[in-house]
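Enquirer: This is what each chain is made of:
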Amino acid sequence: MDNKDKIQNLQNHFSGDIFSDKDISSYELDGITPGCILTPANTDSVCEILNYVSQNKISVLPWGGGTRINIGRPPSQYDTAINMNIIDGIIEYEPADLTVITSAGTKISNINKVLRENNQCLPLNVPYPEEATAGGVLASNSSGFLRQMYGTARDMTLGLKFVEPGGKLIKAGGKVAKNVAGYDMTKLMIGSFGSLGIVTESAFRVRPIPEYRLVQPVSFSDMDDIRKYITTINNSFYRPSYSITLNDALDKKVMDDSAEKAGYVLLLGFEGVEETVKKQVEETKEVLSQIKHDLLDTTVNSDSDEFKDKLSNIPGDIDASVIFKSVVPPKSFFDFHKVVSDYRSREFNFGMYSMPENGITYLLFYDDQPEDQIITLIKRLREKCLDMGGHLTVEKAALNVKQQVDIWTVFKGNKLMKALKNKFDPENILCPGRFI
Amino acid sequence: MLEKTILNELIKVTSKASVLYEPEDLLTYESDGFTIQKAPPDAVVFPENTEQVSQVVKILHDNKIKFVPRGAGTGLSGGCLPLGGGVIISMTRMNRILEVDTKNHTVVVEPGVVNQWITDEVSGEGFFFAPDPSSGQACTIGGNVAENAGGPHTMKYGVTVNNILGLEIVLPDGEVVDIGGFTEETNGLDLTGLFNGSEGTFGIITKIITKIVPLPEHYITFCTIFGSVFDGISSITDMFKAGITPAALEMIDNEFVKALNEAFEMDFPVDAEAILIIELDGPKAGMNVLKDRVIEICRKNNVKSIEAAEDPIRRAGLWKARKHAFGAVGRMSPFYYTQDGVVPRTKLPDVLKVINNVSQKYSIRVANAFHAGDGNLHPCLMYDERNEGELDRVRKATTEILKACVDLGGTISGEHGIGSEKNNYMPWIFSEDDLEQMAKIKMVFNPSGLMNPDKIFPTSKSCSEAKIPGRVGGC
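Heads up: the protein sequence lines correspond to chains A and B, in order.
Each residue of the first sequence is one higher than the last, beginning at 4 in the working numbering.
Each residue of the second sequence is one higher than the last, beginning at 5 in the working numbering.
In isolation and in its complexed conformation, chain B is listed as follows (with noise of 0.2 Å):
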């Protein structure tokens, strides 16, 4: 609970309006995309600008009160939970798209702007801003930079840090900072590189530069189904060796094929075990030659079935295999916990095999779907918190999961972040050496603490510890 003083204080600096406090107004904010773990803030402030947000930061650092930033709230590791209380400082009010520059490929935006928002600014000048994770519709730039956030395009456009030239940022005591700028290439240390994926722990962002990119002529996408996983996997290997670099590579297991039939009645084949989609982009004169080549490659590795469309409309019937992939198990099960790790893409089968197993041994039925390019897998792992024990079976299952990701050469996390949900798994692939040059990092910007404190690095706490279950979304 705040002091009065100190909310008056915000309230001044800000409005009324701008401040939340009541406990049945913080509710909402006691979690966000990551709803196994609840922590309710003392209070959230709704700054308008860039001083505002100076102001209450000031406020809050000089009367030593811990304070987190949030977006839309989509984050999938507990990014923005004020562990321990503290002040939420919402950044949705910032929400303009400030400058829109199709000669130098930037639009100049406010944190709040919400991703989808770039793209339909810019797609009538023949434009839009690549990084499109799946909650592009609802999530923040800002917070897309905070966990610098990637989606199913970025084996061919990057991730959000490659389509960041700059950004404004206010320090953890209130200084406003500009770094980058309208160039791609830098000026000193890649401080832009550096904040990007620092997940609210260097300070808040109050404007942002994004790179736009052309809008490619043509598509073509592909619903392939294969009866092995392998034989999809072996088919990106082909296809990269043939030169071919897709836009977007998509699969899903048999395990999501299943729940898409029984929720949505689609009408896939029972024994398809993986379904791929592939997306080509780029000038419309030689797709055919590649859509050639990508049908040949498929039916080399023994495709069972492939279409290829090139109408938007068919086309967006085609994913609709991967975008209701998640809808349909939350109509099958009551709750379900999406995981986020990474693999070399060769060692995909068997990180599926490993899930399969663990699948087995904790009675957890797994769905699976990968962004197949670059080995970034979500488990799915449904279960009902009614029964019990069950929630802890799906703890122990994510972190024989996420081990066997590290034991295979990838990571704990491609796009999701650490936050809190990860932070003790952290020393598998960091050495204390490792994470003591990180904190050194984060002294230089965060010397206080009070900024986003106990995320990313180890704790005594874990997310085991959290008590409160629940649906967590997906991606």
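With the rest of the complex left out, here is chain A (with noise of 0.2 Å):
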């Protein structure tokens, strides 16, 4: 069947209040443009759209707020995208359970909005939170830096419902904090970018809003300033809550230009009762007067909602032409950093936005960048993420910088992964070719 049979049999299939053809352009991922959109209002609905294409060997594409679906190969093929934005709302939320279930559409910036009413939060502080949404989140495993306190989405969520390529609903886990019973198809599903189902609910753990915040932004000229003050404080038991350096092509993004900076900026959080965090920030001034740096004035800077939404988004930051990833062993980030700033001071201009705890470097690139030179980059990064016993993934990036390199790096298990990906999506309709 060609791509022009299928689109017509799905207009013919489903209602007008599902199928679309209209403003598809909205939809285009990697030159490829869907023949049309399905928008299932509820679960039932999602069964049905899946049931129907995976019979007729129909591609989709699920898509939430759409802040991570660049993330993937191009498609092998790419029939139709099924908006999931509408299928969106809090299913059930007990703040005493600390637990909240929601429609896999729904924002997490709207999540945090009801959760605030009992001072509570789902801490993803993921990109751009006004439009990512639950399922997305899920989809690609998203978090922000505040995963340095609590764990990714991986570890606050409970369990999901989601519907697998046949369209069958098929349930994950639960609503409780320990469960054990089955498999953990939660942790399968989380991270799969949407290859093995359809996810349409999310059952997750919140916490409690902590009552005393501060950030702390400090500048260094040089990056083993900061090598020595991270190495230091590990060792006190007031280290804090979370740090995230910016050089300086990024420190701008979230700071205003009166501040006097150099090379880096660390933004040190503190986070907890008010009598623990200044004595974290006491400790970190201690460490830090043994050490070339300079304390950035906190009260331009101060800790709000506002400035926290601007460090989360630099990971994902719409303006950046091209993003990549790195992850090596925490023990080895500075080595690898080093190897990435020789790189920017050597030949690119890039903004690194780096967890040290995690040893995490994002890597956003805001020029025009010759592709080759782009391409022996990733190679060369990568190769040396691998040696360190860590892994690349290019995040964002021209369509044929991805034609020519893959995005991700060669995954451990590949051959299970394969299997699990062939056992359930044995017809290949979901995300074909993107990850697995």
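Keep in mind the hints are simulated off the structure, nothing from the lab.
Bear in mind the structure is a predicted one, so any value in this text is a computation, not a measurement.
Backbone N, C-alpha and C fix where the C-beta goes; we use that ideal spot for every residue, glycine too.
What follows is a list of derived Cβ distance ranges for each label pair:
1) A:LYS382 / B:SER435: 45 to 51 Å
2) A:GLU214 / B:GLY321: 28 to 34 Å
3) B:ASP29 / A:LYS421: 39 to 45 Å
With the hints as a guide, bring the two chains together.
Expert: This is the structure:
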């Protein structure tokens, strides 16, 4: 069946509430525009859609807010988009149990608006929370710097429901914090980038909002000085709650230009009971007193949701044309950072956003860079990551680049992953070619 | 009974001292901590390294012989019983700590390493391994991963899967595969997450990359006594509302209180309906503020008495109420059966009402312990198998309790696993489609079905058909 026939069949089968061939260019991905968009209004509709498309071998890509949709190889086939955004809303929220169940299309910011009324939060400070949906966040295992305190989506999700490619609704996990009944399909689905099923509902564990929060930016001219600080403070009981480094290409995205800054800004977050936070700050200042640095004015850059949102957006910055995410074991972070910085000083200009505690560095390119140089850089940095026991993912790049270099680092256990994909999606209709 | 040729092959790839096959030697392995059910193996093999595990598995796979891995055998759901015969592959000789990297916060171990050994190894450098099941002095890490074990401190530190970064596994056909690695960030599908809790049905773990966390500076342990479970639970709810996340919240009910007084002459008030052990840990600065808040919250919820301790010896004394609870029951009843259900925390008083009713209905004394922070309950049903019909009433009571957990929005196992004990209850919480999806996953790892069959998924047999009763472990 050719693409035109598929779209015609979809139009014949689904009502006008679900089927649309208008505005399809908004769903363009890696040079391919789908023939139509299907917008299910509820889970039953998702089941019906997947049942139909799998029987008719029509390839689909589920869409949430689109904030992470770029992550993946160019699809080998892309007949229709499934817009999950109107299946939204809080299904159940029990503040006393610290649990919330939401539909997949619910925006992260909307979840937090509700939780805030009870002084609680879902600490997934993902990029663009006003657009990112619960389902999309889980599909991509997206998280932010608060992972250093709370873990990632993987650690916060108690259970979920998903529609498997054949159209059956499947339950994974539940809504209680401890649950070992059956296989952990929740973990399997999180970070599967929509390739095994479409998440329709998720149960999260929420957290109380810390009563006292402070961010202290510190400027350093040399990464070695940051290394000295982190190495020393990590031996203390009063280490910061989280730490992020920004190079000079990025610091102005969160701080105003009036602050005097050298090569790097280290943002130190302190959260908890006031007495603890004060002691943490005191300890940090004591360690810093032995290291060359500048404490930046916190009143200018105080802890606020706006500040945190700006900081959280950087890893997925829509203004960046190319984004890499490198991960190395934390003990190798500074060595890897040096390698990356050397490339910057010699050949490239990019922003660097890092979380030393997790060994993660995002590289963000804003200027036009010759594609062959980007490809070479990917290969070299990936090799370095692999040597150190890590991996590198190209989260955003031009189509030409994605066609010439794999955006994913080779997966350990790839054979098992392929077998799981084949078992779940034998017709390969879900996001074909993008992930496994 | 295994054929001699197979035995010889197993001996050849391991050693004579690594294979047991005489009936009297196999008796020890006929059950695990779930002693209600017994299933003697045809042989037990003790490989000492990954290559031997792989060779052993290949022999068994190629000869279509069922096999099941086993750690220390402390499991409480029959997870390592070779139902219908087969070979047990005991991992206890693979018990080395291979690599300690406190800079990276990782420790690489073999599966036979005892849980507590990891903390013992790294505590001198200011770290510990957080998952701490009550059997931590005996259970092995491989078993902890297989069951996704929990313990009292999971509310703050997570369960086993949250503390495991990677695994080396031998698949049921003998192939050796590495999954995960030394970073928390996964690359590809989360196979490590999927493998945790697979109860020995996907593969044999031969190496584990564990995550260690920094030891807290300070601890405060409270022993609080309440006139009702409801008041104790309300205190917990209020603590969470106040932004306090204790490291541990352990509760025992009046039946356990009576047992402790009777068995160990502890002096708890006889009207103590609930004892709640609360533990805070973290930086010392600010702990006094949290301590005052906890006391205030407990008083607001009608606490009858509250004692707080900060020195290690006194803290250990306060923990005795919880740690000796099952031992106390063991001195009062010749047999007891411990269950493992979960409900949303706010439903704990409701499920306790059900348990009280069930206890009266079946004339079975039940004492209850809870990991109260996460709603994980362990009703302890006391019985004497010599009394006709008593074990049968225990099984019926257990079924009703677990069903109530499900009806209240919970599940049938929080940390012990499904095994052969509860596999036939799985349809209470999973539809046929759900189970079929899980079966697809199992087919990927274990297509022959030879590895640890008849576990997790419903079968035509159930544990109520097992004829041999016995004492079962506490938690």
